[in-house]
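J.: Keeping the supplied structure of chain A fixed, place chain B upon it in accordance with the hints.
Residue numbers (the numbering used here), protein chains in the order written: chain A, 4 to 582; chain B, 4 to 582.
It cannot be assumed that every hint is accurate.
Chain copies aren't distinguished; within one or between two, either way the pair holds.
No farther apart than 30 Å at their CA atoms in a straight line, the calculated lysine-lysine pairs in the BS3-like style are these [said to hold, decoys possible]:
(1) K23 <-> K94
(2) K571 <-> K388
(3) K531 <-> K546
(4) K388 <-> K546
(5) K149 <-> K573
(6) K512 <-> K39
If you are wondering where the hints come from, they were derived from the structure by calculation, not from laboratory data.
Number of protein chains: 2
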Amino acid sequence: MSEEIVKQIVEQGNEVRRLKGEKGTDEALIQEAIAKLTALKVAYKEATGEEYVSPNARQAKPKKEEKKKEPKPQAKKEDGKKVTLLGVGTKKDDNYSEWYTEVITKAEMIEYYDVSGCYVLRPWSYAVWESIQAWFDSGIKKLGVKNCYFPMFVSNSALEREKTHIADFAPEVAWVTRAGSSDLPEPIAIRPTSETVMYPSYKKWVQSHRDLPIKLNQWCNVVRWEFKHPTPFLRTREFLWQEGHTAFANPADAEEEVFQILDLYAGIYNKLLAIPVVKGRKSEKEKFAGGDFTTTVEAYVACNGRGIQGATSHHLGQNFSKMFDISYEDPACKEGQRAFAWQNSWGLSTRTIGAMVMIHGDDKGLVLPPRVAAVQVIVVPVGFKTDTKEKLFDAVDKVTKDLVAGGVKAEHDLRENYQAGWKFNHWELKGVPIRFEIGPNDLAKNQVTAVVRHSGDKKQLSLDGLSQSVLTLLDEIHDEMYNKALAQRDAHLKLTTDMEEFKKLLDDKCIILAPFCGHPNCEDEIKKASTREDGEGAQMGAKTLCIPLEQPKEALPSKCIFPVCTEKAKAFALFGRSY
Amino acid sequence: MSEEIVKQIVEQGNEVRRLKGEKGTDEALIQEAIAKLTALKVAYKEATGEEYVSPNARQAKPKKEEKKKEPKPQAKKEDGKKVTLLGVGTKKDDNYSEWYTEVITKAEMIEYYDVSGCYVLRPWSYAVWESIQAWFDSGIKKLGVKNCYFPMFVSNSALEREKTHIADFAPEVAWVTRAGSSDLPEPIAIRPTSETVMYPSYKKWVQSHRDLPIKLNQWCNVVRWEFKHPTPFLRTREFLWQEGHTAFANPADAEEEVFQILDLYAGIYNKLLAIPVVKGRKSEKEKFAGGDFTTTVEAYVACNGRGIQGATSHHLGQNFSKMFDISYEDPACKEGQRAFAWQNSWGLSTRTIGAMVMIHGDDKGLVLPPRVAAVQVIVVPVGFKTDTKEKLFDAVDKVTKDLVAGGVKAEHDLRENYQAGWKFNHWELKGVPIRFEIGPNDLAKNQVTAVVRHSGDKKQLSLDGLSQSVLTLLDEIHDEMYNKALAQRDAHLKLTTDMEEFKKLLDDKCIILAPFCGHPNCEDEIKKASTREDGEGAQMGAKTLCIPLEQPKEALPSKCIFPVCTEKAKAFALFGRSY
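Chain A on its own, in the form it takes in the complex:
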């Protein structure tokens, strides 16, 4: 098997060099090729327990390689036993990008795929998505939203109906032009989002005010053929999401719903993923094209100091209803005039999972928030001998079954070909919130040893009332993880009114509250001014993440932060480098 991987690494290495050597190669392609190379090297280490060293390097630079081969102290030797080399080889603070690739592949969340920008969501990550789906789906159903399914294909004429909207998406639209061996009479687009797919039907369904509101949602895949560097979960050419599309007879009802949905999105981050978010409005520059205003929840990723858009809820106003003629006769209108519907659309994608990995993961690997973990407790037998094994394994099985019966997602690891220490590392890498260690001594004391993934804390739990104490512990873990992320975020959330300090804070990995006039041109200028050329290429400038709904207590200065700008500040905006 390892020979096979070596062959693939060599081929992929050649491919990377070929791409770099070719003139005008798309940077995204090169980045993708490098990420695949990294993934292959991870696979090699997984299979052999050693770092991959290229044959050339072995001959040419023996000393350097010697050094590299020293084992890194990333895996604690628990239990006093010798442990296999396993775990993440890169520290999060050293190279978060490589760390991320390692974590998502070794924790079995992602498998790389041979179509660029597309990735396999393995059960370990898909289970997180299923938890999010269940929670959000029940939330929107309480608001009267119903699920449905619209086609993934969209005709050119429908796609181009709303000009502002399509101008934003056109460069990323994938086109089907052929079926079997026949060319299609007209190319057909794959939805990048479904406004233009759904609203021609809305037009048909709305003939009277009684046909409103319409409240529909679909869980589906969409395709945006971006040419920027793809990253699993965070920027992918196909991704999974839900998209809600609603239409109302009056704007107040529509606006109310925008914020109800935003609260549900905030709930996914706060209550499921243990991630604090700032709720806000997008600036004119950053809002959804063709809509009236966009609201968003924004999270903070400490390791690179970037903001990340968590989900958006748009009020479309009447822009789309006028383009698609979603209208009805209204006695309140002048003769012959029709009333147009007020619309919203809102979406949340599998990007959530990427944010969760980046924010909670550590040098040991993934850290799963308890409420979205496929396995909340992994039960591992320890310290047994041949004569105590059977009794112990039975006890482990009973404890696990009792937990499951008590509503805990528990599994045991009774594999005999791995040592306890290896199992500890394995399940830590996969981020399981609680590990139970049960040995003969624990049994004698009617207890288990619980080790908490995110903190490393150990505690003894009595076997009596175990499910209940575990459920309580899971809630505590959730709160601790949330508070840790909140403290980290708040330590990097700064307010300034000075552009020079703004730039310095940005380089200190902060997100920044600053007075802002709101104008797209000014936002462009701020971005330019905060872009930094350094040895490693351009450091991205800051953009507005949002204008927070809850404004700081500080009095708003009269002037926009950008020195040249002569406009008045309208609000504090939250700025940052961003995904």
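T.: Then chain B, alone, in the frame of chain A:
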């Protein structure tokens, strides 16, 4: 609004004539255009209460049109009140194809769409799919299957890896060749099914027998660009399904699972959709290309006498694992030899919903089996006057809420702009299993009047313990619907050993058990021999639906039914015209 529809009808009529007039136009396109025309006429009737009559027809053939305009007695006049013309204009037995289009559009299950072969699944049909998903998903999870998501795109090289398999799908594959305004370096296919998408990953994951079994499933969309006449649910270019893909170390485990899944599929039909199915194996000719054997559940559609494949569970043997090198070192193998995994794949699609509509629907419209109905009970206030209204509406609201609290999917219809009779027809058209009528007299007697959709039966239910009696009634309705469909099916399930009788039975809308040698050539001959040219074009010949797992009690004749065939009969096969 009706003027708008008239305009669209005229345009669509012109389009149909244009397509028919053009030489070499794809028959599928014409059929699709006709279906859309029908849907528009349905919409016209919905909006105006009258059949659409073309202006030409009005002038040219007044007499014929006069006759057509006579109201059909399709809607019973319940409650003695005048009812609006609503309901299905075509009788199921007169023209099942037009009836089907009317039912799925008027019951708000389907909206037509401007990309041929693609349809909108509205909440009323999508809810059926959600019920099926919940039931099946819980069933496979008990078997240890986990959900995941693989990309919808597949590279040409992966797609073509398994030759037999791809030969079957290649003519229907949709190709993406362009993104934004750039041509892709290589065309990328959209999955018609995911064997070739998933198995390269399986190769990576399997390095030892300990990595088996792999049991994955995904709920997703797939695209098969068929050129035959598309029909909503039954044959669509994009459809939703689940596809399970499992791999085992030994064939017995794989085969066992094939039948466990088949039992779950049968359960969806029997226990949710109230449809009897025959479990069986597909013939060599009809099996999944590239697999070892295919099992299937086959249902019967009485109105046209056709069999319909309900879902299939395939044992792929080692064909794919050899092509994709899903293998591991096995001490039991000779030195240097590797053991290959034994694989299954299994899928069930939204076609289920089409079968449900065709089998249970009647001249009043859709009939929903209770366990998949989005609304199981619709509560309608009747016989009230201004002074009794408020009290009655409060009572209706309370009854509805009590039902919901008791686990019944209940809603009320308190709209004041519709009469009770109109509501009765409306909810009958939509197929709600039980209608409650509650009037002041019912209240006085502490009862409600329940009307059962599928039978028209009326009964009084006490308000005491109502939820429980409704739950019981829903189960009874399920059983009655199942038994009705079973009786209908069994009346048309005949056994013969004579080819002439076989043809006659086929024309009598039967499906037929007949001794069969199993050879693809012979199956071709039987199909040819049973194809009938009549005035209206060719009547499709019979193919094998399956070789039933449970064989008839009758002794198997030694000879295959096809007179010219000299082979021995291997089993009774179930033949029929089919979807």
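J.: Take the hints in turn and mark each one as holding or not.
T.: Now the hints, each set against the structure:
1. K23 <-> K94: Answer is within; shortest intra-copy Cα gap is 27 Å, inter-copy 68 Å.
2. K571 <-> K388: Neither: 75 Å inside a chain and 62 Å across chains, both beyond 30 Å.
3. K531 <-> K546: within (9 Å within a copy, 69 Å between copies)
4. K388 <-> K546: neither (60 Å within a copy, 63 Å between copies)
5. K149 <-> K573: neither (38 Å within a copy, 50 Å between copies)
6. K512 <-> K39: Answer is within: at 28 Å inside a copy they meet the 30 Å cutoff, but 57 Å across does not.
Hints 2, 4 and 5, counting from the list given before, are not met by this structure.
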